[in-house]
Amino acid sequence: MMNRKNVAIVGVGTTHFADLYAKRDPARDEYGLAADAFALALADSGLEKSKIDGLICIRIPSYSAMASYLGMPHLRFVNSLEAAGRMAALAIQYAQLLIEAGAAETIAIVYGNVGRSASASYGGAFNTKSINAYDAMNGLTSPGAFLAAHFQRHAALYGTTTDALGRVAINNRRNATLNPAAVFREPITLDDYMSAPFIAEPLRRLDYCLINDGGVAFVLTSAERAQDLKSDPVFISPVVTTTDLSFRYVSEDGFYSAAQRVAQQLHCATGIKAGDVDILQVYDNFTPVVLLSLEGFGYCPLGEAGAWVAENLGDLPKVSLNSSGGHTSEGYMQGFALIAEGARQIRGTAGDRQKAGAQLAQYMCLSPIVGSFYLSLENRWS
Amino acid sequence: MADEPKIEYPFPAIQDYTEGYWQGAIGGKIRAQQCKACGYVRLPPTAHCSQCLSTRSKWVDLSGHGSIWSWVIMHRPYFKHHWQVPPYLVALVRLDEGPLISAAIDADQERLAVGKKLRARLEEVAPGRFLPVFELT
Ligand SMILES: [Zn+2]
Chain W
1 MMNRKNVAIV GVGTTHFADL YAKRDPARDE YGLAADAFAL ALADSGLEKS KIDGLICIRI
61 PSYSAMASYL GMPHLRFVNS LEAAGRMAAL AIQYAQLLIE AGAAETIAIV YGNVGRSASA
121 SYGGAFNTKS INAYDAMNGL TSPGAFLAAH FQRHAALYGT TTDALGRVAI NNRRNATLNP
181 AAVFREPITL DDYMSAPFIA EPLRRLDYCL INDGGVAFVL TSAERAQDLK SDPVFISPVV
241 TTTDLSFRYV SEDGFYSAAQ RVAQQLHCAT GIKAGDVDIL QVYDNFTPVV LLSLEGFGYC
301 PLGEAGAWVA ENLGDLPKVS LNSSGGHTSE GYMQGFALIA EGARQIRGTA GDRQKAGAQL
361 AQYMCLSPIV GSFYLSLENR WS
Chain G
383 MADEPKIEYP FPAIQDYTEG YWQGAIGGKI RAQQCKACGY VRLPPTAHCS QCLSTRSKWV
443 DLSGHGSIWS WVIMHRPYFK HHWQVPPYLV ALVRLDEGPL ISAAIDADQE RLAVGKKLRA
503 RLEEVAPGRF LPVFELT
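Residue numbers (the working numbering), protein chains in the order written: chain W, 1 to 382; chain G, 383 to 519.
None of these hints come from the bench; they were simulated from the model.
Cβ atoms here follow ideal geometry from the backbone N, Cα and C, with glycine treated the same way.
There's no promise every hint is true.
Claimed, not checked - Listed below are the simulated DSS-like cross-link pairs for lysine-lysine, each with C-alpha atoms no more than 30 Å apart in a straight line:
#1 K273(W) with K355(W)
#2 K318(W) with K273(W)
#3 K440(G) with K411(G)
#4 K499(G) with K411(G)
#5 K129(W) with K418(G)
#6 K411(G) with K129(W)
#7 K440(G) with K129(W)
#8 K230(W) with K49(W)
#9 K230(W) with K5(W)
#10 K5(W) with K49(W)
#11 K51(W) with K5(W)
#12 K462(G) with K129(W)
What the hints assert, rightly or not - Partner residues are not named here, just some residues of chain G that face chain W (Cβ under 7 Å, in silico):
#13 F393
#14 P394
#15 A395
#16 R424
#17 P426
#18 V454
#19 H463
#20 H464
#21 Q466
#22 Y470
#23 V472
#24 L474
#25 S484
#26 A485
Stated by the list, open to error - From chain G, some residues computed to sit far from chain W (all C-beta separations above 12 Å):
#27 G410
#28 S432
#29 D478
#30 A489
#31 E517
Assemble the whole structure, with the sequences as input and the hints as a guide.
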């Protein structure tokens with residue numbers, strides 16, 4: 001880790017997901033939502049807009065139009081990432097590497113999603129020349145269906161029950177009751193969970209992320225520059241990613257060994273262990289992913305995530321996991337809002353849902369691209 | 383989630399490197415491509431071998447035997463005019479020769495288990511389109 005230039009998140013911005021959900025608007029676009037979030041992140045950082053010299057866009061139709069919309073035509077670096085949840089850790093990683101390498105000094109990451117207003121659907125998107133058509137012709141088309149198959153296997157191999165999924169959904173919702181911006185804030189019970197209709201059985205509606213509108217933005221800069229800013233910089237550990245890619249959303253071992261590789265590399269780079277983390281921000285496009293993540297990232301042994309959530313996410317949770325409500329209750333910002341929440345918890349600005357004394361957060365994304373990193377106010381990674 | 387499916391039900395395009403698969407299916411066989419350069423067996427059909435990138439391959443008839451990797455029951459329609467009507471069961475099947483394919487299983491869910499042995503029959507689900515449907519052995 002010698003001579004690494006540490007990088008910090010110095011600005012965080014998120015739109016009000018509940019308000020946007022209440023007012024569906026087909027004319028709403030990604031540029032406007034991303035700009036709302038960016039304005040908040042920039043104000044949070046206290047930086048002049050002219051200091052931004054890099055821009056990473058996610059789920060934005062055109063980076064060129066985005067840069068123009070934000071009045072930043074002359075950047076040192078710009079690019080777009082595809083509209084996928086696995087991009088959130090990558091966006092942070094790219095910004096970190098670019099700043100470390102000196103290709104840019106202060107980078108804005110902007111994300112905009114009009115999923116609800118544009119009636120986005122995640123099932124059935126492929127073309128008939130693609131290899132995925134061989135699954136689609138059998139009616140196996142959606143990421144949710146593939147995650148349902150992974151959970152079915154987990155249940156068969158380890159005896160995991162849908163109660164464990166219910167606990168994850170209930171935990172998310174309980175956290176969302178304390179988040180005024182969360183889309184769904186009505187508490188749910190295990191009975192509510194079990195009576196929700198199946199979508200891709202064994203997954204029920206309450207296992208699914210929601211589809212909503214919103215924007216998230218971050219401003220990142222070097223630790224050096226961060227020192228002079230008004231708000232607390234949130235230092236980012238090395239972002240570690242790896243892949244387990246195939247043409248479909250399937251991994252032979254449920255992405256376990258890929259996540260283990262990330263966990264080990266992260267441990268080697270930082271010395272941090274699962275038990276040291278105060279705030280777990282776990283990518284949860286579908287609730288089974290939380291179980292697979294807890295195992296893969298070393299919070300419990302393989303096959304024991306069901307027992308772990310029963311122990312730690314009961315009526316009086318022992319662990320803070322997806323403290324703003326996660327993708328099933330706060331909103332589906334494809335990981336970006338989970339990272340924003342991690343930063344807020346570490347700064348102590350998470351309002352009613354603030355965990356007292358939170359010092360270390362971990363973002364975890366288990367998917368065909370696995371990614372994870374820690375957030376801390378302490379500049380401990382230089 | 384969209385309430386009504388908007389997409390017409392699609393079958394994979396029949397093109398030079400997929401035609402053999404569909405002809406085999408009409409004859410009651412699941413076929414895979416075997417790379418002429420390195421021998422790797424692959425399915426679904428692709429133009430290139432993923433191992434050595436050769437575009438030369440021959441069709442081989444597979445045994446039609448496999449085992450259950452996992453399964454789900456789909457409760458919602460994603461396509462107009464799909465040959466399966468929700469709720470329908472669709473499995474990921476590990477063929478004995480290696481490839482993992484999706485297919486219907488003609489059995490009650492209660493009788494399924496990960497690893498259970500299966501045997502395929504080919505069924506015409508649309509004109510000229512024969513798909514594997516598995517039975518428990
Ligand atoms: Zn080959």
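Results for each hint:
With a CA separation close to 19 Å, the supplied pair K273(W) and K355(W) stays within the 30 Å bound. For the given pair, K318(W) sits about 17 Å from K273(W) by alpha-carbon distance, which is consistent with the 30 Å threshold. With a CA separation close to 15 Å, the supplied pair K440(G) and K411(G) stays within the 30 Å bound. Note on K499(G) and K411(G): the hinted pairing holds, with a Cα-Cα distance of about 18 Å set against a maximum of 30 Å.
A distance of roughly 23 Å separates the Cα atoms of K129(W) and K418(G); the hinted pair therefore holds under the 30 Å criterion. For the suggested pair K411(G) and K129(W), the alpha carbons sit about 22 Å apart, so the restraint of at most 30 Å is met. For the suggested pair K440(G) and K129(W), the alpha carbons sit about 20 Å apart, so the restraint of at most 30 Å is met. For a cut-off of 30 Å, the pair hint linking K230(W) to K49(W) stands: about 15 Å separates their Cα positions.
About 20 Å separates the Cα atoms of K230(W) and K5(W), which keeps this hinted pair within 30 Å; it holds. At most 30 Å may separate the alpha-carbon atoms for a hinted pair to count; K5(W) and K49(W) meet this at roughly 22 Å. A threshold of 30 Å between alpha carbons decides the hint, and for K51(W) with K5(W) the separation of about 18 Å falls inside it, so the pair holds. Of the supplied pair hints, the one linking K462(G) and K129(W) holds, its CA atoms being roughly 19 Å apart against a limit of 30 Å.
The interface hint given for F393(G) holds, since its Cβ lies 5 Å from the closest Cβ of chain W, which is under the 7 Å cut-off. Checking P394(G) against chain W by beta carbon gives a least distance of about 4 Å; that is within 7 Å, so the hint holds. With a cut of 7 Å, the hint placing A395(G) at the interface with chain W holds, because the nearest CB-to-CB distance is about 5 Å. Of the supplied interface hints, the one on R424(G) is violated, with its beta-carbon coming no nearer than about 10 Å to a beta-carbon of chain W, more than 7 Å.
Residue-level restraint check for P426(G) holds (minimum Cβ-Cβ distance to chain W is 4 Å; threshold 7 Å). With 7 Å as the threshold, the beta carbon of V454(G) comes within range of chain W, its nearest partner Cβ sitting at about 4 Å, so the hint holds. This hint is violated: H463(G) has a C-beta 12 Å from the nearest C-beta of chain W, more than the 7 Å allowed. The restraint placing H464(G) at the interface with chain W holds, with a minimum CB-CB distance near 6 Å, inside the 7 Å limit.
For Q466(G), the shortest C-beta to C-beta distance to chain W is roughly 5 Å, which falls under 7 Å, so the interface hint holds. Restraint check, Y470(G) versus chain W: the minimum CB separation of about 6 Å is within 7 Å; hint holds. With a cut of 7 Å, the hint placing V472(G) at the interface with chain W holds, because the nearest CB-to-CB distance is about 5 Å. Because the smallest distance between the Cβ of L474(G) and any Cβ of chain W comes to about 6 Å, under 7 Å, the interface hint for this residue holds.
For S484(G), the shortest C-beta to C-beta distance to chain W is roughly 4 Å, which falls under 7 Å, so the interface hint holds. About 6 Å separates the beta-carbon of A485(G) from the nearest beta-carbon of chain W, less than 7 Å, and the hint is met. Look at G410(G): its CB is around 18 Å from the nearest CB on chain W, clear of 12 Å, so calling it non-interface holds up. At roughly 10 Å from the closest C-beta of chain W, the C-beta of S432(G) falls inside 12 Å, breaking its exclusion from the interface.
No beta-carbon of chain W comes within 12 Å of the beta-carbon of D478(G); the shortest separation is about 16 Å. The beta carbon of A489(G) is kept farther than 12 Å from every beta carbon of chain W, the shortest such distance being approximately 15 Å. Distance to chain W confirms E517(G) as a non-interface residue, since its nearest Cβ pair spans about 16 Å, more than 12 Å.
The structure is inconsistent with the numbered hints 16, 19, 28, although it conforms to all the rest.
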